[in-house]
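S.K.: Chains as they are written, first to last, in the numbering used here: chain A, 1 to 284; chain B, 1 to 342; chain C, 1 to 313.
These are calculated hints, taken from the structure and not from any lab test. Built from N, CA and C at the ideal position, the CB exists for glycine as well. Hints are not guaranteed to be accurate.
Facing chain A, a subset of chain B residues (Cβ under 7 Å, in silico) [to be verified]:
hint: 1; residue: P38
hint: 2; residue: K42
hint: 3; residue: H51
hint: 4; residue: N53
hint: 5; residue: N57
hint: 6; residue: Q73
hint: 7; residue: T143
hint: 8; residue: E204
In the SDA-like style, the derived pairs of lysine to any residue whose C-alpha atoms are separated by at most 25 Å in a straight line are [to be verified]:
hint: 9; chain 1: B; residue 1: K133; chain 2: C; residue 2: Q141
hint: 10; chain 1: B; residue 1: K133; chain 2: C; residue 2: T240
hint: 11; chain 1: B; residue 1: K293; chain 2: B; residue 2: P93
hint: 12; chain 1: B; residue 1: K133; chain 2: C; residue 2: K40
hint: 13; chain 1: B; residue 1: K229; chain 2: A; residue 2: G58
hint: 14; chain 1: C; residue 1: K40; chain 2: B; residue 2: N193
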Amino acid sequence: MMQRDTWRKLLSSLFVGFCAMSVLVALLPLAFILFFVVKEGIQALDLAFFVHMPTPVGEVGGGMANAIVGTLILTSLGSLMAIPIGIVSGVYMSEYAGTRYAAAVRFAADTLNGVPSIVIGVFVYGFAVLPFKQFSALAGGVALGIMMIPIIARTTEELLLLVPSTMREGALALGATKARAVFTVVLPAALPGIMTGVILALARIAGETAPLLFTSLNNRFFTTRLDQPIASLTVQVFTYAISPYADWHRQAWAGALVLVGLVLTCSLAARLATRRLERLHAGR
Amino acid sequence: MSVRKLLAVIAGVTTLATGVTAQQTLQINGAGATFPNPIYSKWFSEYNKLHPNVQINYQSLGSGAGIRQLTNQTVFFGATDGPMTADQLLAAPGKVLHFPTVLGAVVPVYNIPGVTTPLKFTGALLADIFLGKVTKWNDPAITKVNPGVNLPGTDITVAHRSDGSGTTYIFMDFLAKLSPEWKQKVGVATAVNWPTGVGGKGNEGVSGLVSQTPGSIGYVELIYALQNKVSYGSVQNMAGEFVTASVEAVSLAAAEAAKSMPADFRVSITNAPGKGVYPISSFTWLLLYENPKDKAQAKAMVDFVKWALSEGQKFAPDLGYAPLPESVVKLEIAALSKIKVS
Amino acid sequence: MRGRDLGFRLGTGAFALVLIVIVVAIGVELTRQSMLSIQKFGLTFWQTTTWDPVAGDFGALPFIWGTLYSSVLALLLAAPVSLGIAVFISELCPAAFKQPLIFLTELLAAIPSIVYGLWGIFVLVPAVRQLQVLTPDWLRQVPLFSGPPLGVGMLSAGLILAVMVIPFTSSVAREVLRSVPVSQREGAYALGATRFEAIRAALFYARTGIIGAIMLGFGRALGETMAVTMVIGNTPRISTSLYAPQYTMAAVLANEFTEADTELYTHALIEIGLVLFIITLIINVLSRMLIWSMARSAKPRTQPAARPAAAVA
Chain A
1 MMQRDTWRKL LSSLFVGFCA MSVLVALLPL AFILFFVVKE GIQALDLAFF
51 VHMPTPVGEV GGGMANAIVG TLILTSLGSL MAIPIGIVSG VYMSEYAGTR
101 YAAAVRFAAD TLNGVPSIVI GVFVYGFAVL PFKQFSALAG GVALGIMMIP
151 IIARTTEELL LLVPSTMREG ALALGATKAR AVFTVVLPAA LPGIMTGVIL
201 ALARIAGETA PLLFTSLNNR FFTTRLDQPI ASLTVQVFTY AISPYADWHR
251 QAWAGALVLV GLVLTCSLAA RLATRRLERL HAGR
Chain B
1 MSVRKLLAVI AGVTTLATGV TAQQTLQING AGATFPNPIY SKWFSEYNKL
51 HPNVQINYQS LGSGAGIRQL TNQTVFFGAT DGPMTADQLL AAPGKVLHFP
101 TVLGAVVPVY NIPGVTTPLK FTGALLADIF LGKVTKWNDP AITKVNPGVN
151 LPGTDITVAH RSDGSGTTYI FMDFLAKLSP EWKQKVGVAT AVNWPTGVGG
201 KGNEGVSGLV SQTPGSIGYV ELIYALQNKV SYGSVQNMAG EFVTASVEAV
251 SLAAAEAAKS MPADFRVSIT NAPGKGVYPI SSFTWLLLYE NPKDKAQAKA
301 MVDFVKWALS EGQKFAPDLG YAPLPESVVK LEIAALSKIK VS
Chain C
1 MRGRDLGFRL GTGAFALVLI VIVVAIGVEL TRQSMLSIQK FGLTFWQTTT
51 WDPVAGDFGA LPFIWGTLYS SVLALLLAAP VSLGIAVFIS ELCPAAFKQP
101 LIFLTELLAA IPSIVYGLWG IFVLVPAVRQ LQVLTPDWLR QVPLFSGPPL
151 GVGMLSAGLI LAVMVIPFTS SVAREVLRSV PVSQREGAYA LGATRFEAIR
201 AALFYARTGI IGAIMLGFGR ALGETMAVTM VIGNTPRIST SLYAPQYTMA
251 AVLANEFTEA DTELYTHALI EIGLVLFIIT LIINVLSRML IWSMARSAKP
301 RTQPAARPAA AVA
């Protein structure tokens, strides 16, 4: 009897140990990657990186100014497209949650979330690049937007469902139309959470490369035009990483550092915002 | 509150983006070979300094991509080291003209730790290595051609292009001339079914692979070997000499072809006859439509090509490319007038 | 009043329609643009191993093999670790560490794929190459470990994919475990169970949801492009060796799409994209069904989901 108990206790300790080890195993690569990105990236990060354009192949001293601006433009375009569509879709899914149509929309959103970004890039190439015979920042923005929509839609839906029904009912009781009730009462109540969802979506697409390969392509020059190819941090880092030039590798690490910094800041901001939200809700 | 502000910011950015600066600059997009990318990027950068309102954005995606995107008309010009085939020319929506820009060399690069003497290769030997028939560095086929060199028994790792490449085309063209087995088994094209080896993207990818993988062999354009300090070997030419790639050796290869240049400039100069000739040499071409829709871009490109064929040529030797023979340049300037710029 | 509400419903419904339209459009477009390949090769496309652009002979078996091999390998490595993390965070962890740990695992998900690829090329691949060099000769005879020490290959791809999949699987598993009724665990402890046994009971209860979480991770691994293409060697060959360079569907699409120079070549590539789309669709549907069915059978949650975005991932 005693032996069996000792064995059970031992098994339990081993199991707990295994779980703790798993956490370490997962955090190890994280630490590793962040360490390398910071170590290599910091060395390469100088003013030139932020201010200069790429130099001809083999020449030192270039920068990624155009790529940084390009990423900002592309994510802005994506947001412009995805935020209205995502939020309003989320409104529909939460207001008419029980209907079959809403279920279909939800299914579509979850599916779209799972589609590999390269497939989205191929899709957007087919209708936004080929017919216009033009690689463009706009096409890249559309590809990123398509990826953002389901994230924003689902987050909006879930958050709107969290808003106490008393708020909605109160507005309706006071004679507001459904539209008014939702857009002036319910939505603003959920807005902090929705913004969190938007920031998370932004963080996700800011780091995407594959959908941009066939849409916004890349550009050695600085441009803010939407109808021309545009540089982006991700594609530039990719191009430099697979090149054989040590200077380009250096810049790739710097680009990676900027990217990671951008994405982590967004994630951290979203996280802090959610915690405030949780505390607010718990308070109620 | 924050939504309105966000929208305002986005609106502001968009207005800026489609703004005034766009009007003055002419942006011309091109895609194609990685083989001439070092000199093209130099040219476009220098030309932009001389003409700040002309931005020629060249993306080195590989010759295959250059031909494809030109045919789809998603870029204004293409660049390739493997001339377009008859089928590809037919598939294009308009007549495409080839314009040689420089001459370059494809060199066999390798990475054998401990071996510092430059190795010698024959075409047949290279074919056998890339076919996967010769698998170790101390294989008798290699030691026979390199007497006195202490070669280890390391496995040979073949590095080739994973993308459609004119550099591949040039290399295949050479191998096919010297190895009937290669010609029959694999063929000559920008993308082939490789019998063996690891794929790298672009000349950059292959030089990267070779420099990082001990025991590997690959093929890249000369400048990539020089810039990345990867060892490259000499190759036996038709005259039986083992020649190391150089600007002079490549120029000699073009000398014969210059005398009998076809009107469309599509000619192969691999395994050219003559002494001192480097056998894996090739022209590289810019591809332009004879009658493009955008006349402003057409005019700008024609002006650029004229500059590249004259002023631009002086940048070539520093980057390991051979300038074009005078006779060829004259023929090209004449051919440029075929392009409808108005 | 009613009219305006109808307007609201139609208006918002129209926006929501965009989602459905996009998904359907992707399916339709991909099918339409791969017709040439579908018609020419039919089912043999998925059975042949030759990928010969010169001869116009396309067989996608090497890519399916590579995709499945790398994803299954990633799952074998990631599933136990993800479950361990999920269990640790939800059951074993001191409260003070919970939030920071959750944040850290989500950081893994936040790192862009290209940064994984960059780290892969410069850190992981040389490390794996060293490992391969150090493999004893007798082990090299086993097909699983055969081949020259290149560094790039299936092992590197599997490792990177595993790391990328861990945050998704563990966060969904964590959510699933949260929806196991407290009574399950308390009952087990009341009967004198050790921690392991109580947790095992909870895991068993949540098994459908956990399988769903694992499948979600699998779906993620299938579609990963950039990190994989930078470390897998990009060679269309079927090999059982961990050390052999191979190719996945997403990687070949990324590498060869812009340069496919014949209609047939383009259509063959898009057909690969179509299949990737269908496979990820099926896996996502199945996994979500499993997760929701498990969540529904459990007692309804008394607290609102504090991290909705996690479930969306």
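S.K.: For each hint, tell me whether it holds in the structure or not.
M.R.: Verification of the hints:
1. P38: 4 Å, holds
2. K42: With Cβ-Cβ at 4 Å, under 7 Å, it holds.
3. H51: Since chain A brings no Cβ nearer than about 13 Å to B/H51, farther than 7 Å, the hint is violated.
4. N53: Violated, because the Cβ-Cβ distance from B/N53 to chain A comes to roughly 11 Å (cut-off 7 Å).
5. N57: With a closest approach of 5 Å, the B/N57 hint holds.
6. Q73: 4 Å, holds
7. T143: 29 Å, violated
8. E204: 4 Å, holds
9. B/K133 - C/Q141: 21 Å, holds
10. B/K133 - C/T240: 22 Å, holds
11. B/K293 - B/P93: 12 Å, holds
12. B/K133 - C/K40: Violated, because 33 Å separates the two Cα atoms, which is more than 25 Å.
13. B/K229 - A/G58: 12 Å, holds
14. C/K40 - B/N193: 19 Å, holds
Hint compliance for this structure: hints 3, 4, 7 and 12 are broken, all remaining hints hold.
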